[in-house]
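S.K.: Could you put the whole structure together from the sequences, leaning on the hints where they help?
Those sequence lines, one after another, are chains A and B.
Everything in the first sequence is counted per this note's numbering, starting at 1 for the first residue and increasing by one.
Everything in the second sequence is counted per this note's numbering, starting at 1 for the first residue and increasing by one.
For the record, the hints were derived by calculation from the structure and aren't laboratory data.
Incorrect hints may appear among the rest.
Since the list gives no way to pick one copy over another, a pair counts as held whenever it fits inside one copy or between any two copies.
What the hints assert, rightly or not - Below, computed lysine-lysine pairings styled on BS3-like, alpha-carbon distance capped at 25 Å: (1) Lys88 - Lys14; (2) Lys67 - Lys33; (3) Lys139 - Lys46; (4) Lys67 - Lys150; (5) Lys150 - Lys139; (6) Lys46 - Lys150; (7) Lys121 - Lys88; (8) Lys67 - Lys34; (9) Lys46 - Lys129; (10) Lys33 - Lys169; (11) Lys53 - Lys14.
There are 2 protein chains.
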Amino acid sequence: MVHPLRTHIETVCKLTDEEFEYVLSHFTPLKLKKHRLLVREGDWVKHEYFVLKGCLRSYITDADTGKEFTYQFAAENWWISEREAFLKQTAATTAIECVEDCELLGLSFENREKLGREMWKYEHYVAVKTSLGYVALQKRLQLMIMGSTKERFENFVNQYPDLYSRVPKAFIASFLGVSRETISRLYRK
Amino acid sequence: MVHPLRTHIETVCKLTDEEFEYVLSHFTPLKLKKHRLLVREGDWVKHEYFVLKGCLRSYITDADTGKEFTYQFAAENWWISEREAFLKQTAATTAIECVEDCELLGLSFENREKLGREMWKYEHYVAVKTSLGYVALQKRLQLMIMGSTKERFENFVNQYPDLYSRVPKAFIASFLGVSRETISRLYRK
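M.R.: Now the structure itself:
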């Protein structure tokens, strides 16, 4: 079986066996149980992670009310990190929690830079995938600005049918910026 | 005076004079008057643009109501394009309008790919700036999900004090997902 990370990179550019082995040698495997935190608020974030198995959510906690807002999910073949803290090497202002038992591959900031410097293909992969991620986020923002609650919900279910059944509805509600009750009502329809 | 595009690239990595001249030779200058459309819905988008002078907005039109929602601004030293159409080479689903008279530098998709292939520094610049753009967009989304109208407004004014005075308030209102009246009320405070 082709390694999922290789499959993901090869959607952008093909690698030789040697190149992929070299890329992979920079990653560190990590297993975490459901409910464990991958990143805590205030952490220095030294890694970004490729998800091999399981599902995680990034969330931000309102300092006044203590209420949590989920702003990102990541399941198999997605990348996740507290990106601002990772890229700017500052303390995390949001947290990442395992929604299921997870198997991850961690890449340190130094190794990411090293791979990008040494292998044009890796830098290109990062540039292309980040650009596509930017577009996806922009579309989500467009839906937040102009879409109805119903449209946002339907879009989520169509885009991530698998995630919808795996993730507690309260997380999806805050992800979509709608109430828990609205989610239940829309789901029944 | 150092060319603004060079200054922008050099926040990521230094270029020699020859390297910058080579980069610049791939761009095409473009001047557009206020209210002119840079991209129309349905267009094939062949370029991305670096803003030398002026201000533009990207907006999406609600098919049912005809109402416009501004989802992005770009002023001096920002990049703008209908990114989805540009990257995926599909037809534009949103439009870009000049809010002021504009001077732009256009880079075609082919030239962007060529520069990235030939110059590791350019590919690295794209990767780093896109990652930072992703983070900025993520922070904006977090504010849309959890921030109050007041917080969103204050954040915008603090982040883009210059833009606030240059751009019609109706565009800012839809950008923040709040009503025109709310903007006026918050501004008076």
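S.K.: So, for every hint listed, does it hold in this structure?
M.R.: Right, here's what the structure says about each hint:
1. Lys88 - Lys14: between (30 Å within a copy, 19 Å between copies)
2. Lys67 - Lys33: within (23 Å within a copy, 47 Å between copies)
3. Lys139 - Lys46: Close across copies (20 Å), not inside one copy (29 Å); limit 25 Å.
4. Lys67 - Lys150: For Lys67 and Lys150, both the intra-copy (23 Å) and inter-copy (18 Å) Cα distances are at most 25 Å.
5. Lys150 - Lys139: both (16 Å within a copy, 24 Å between copies)
6. Lys46 - Lys150: Neither: 38 Å inside a chain and 34 Å across chains, both beyond 25 Å.
7. Lys121 - Lys88: both (23 Å within a copy, 19 Å between copies)
8. Lys67 - Lys34: Classified as within; 20 Å inside a copy, 44 Å across copies.
9. Lys46 - Lys129: Both: 20 Å inside a chain and 19 Å across chains, each within 25 Å.
10. Lys33 - Lys169: within (20 Å within a copy, 48 Å between copies)
11. Lys53 - Lys14: within (23 Å within a copy, 40 Å between copies)
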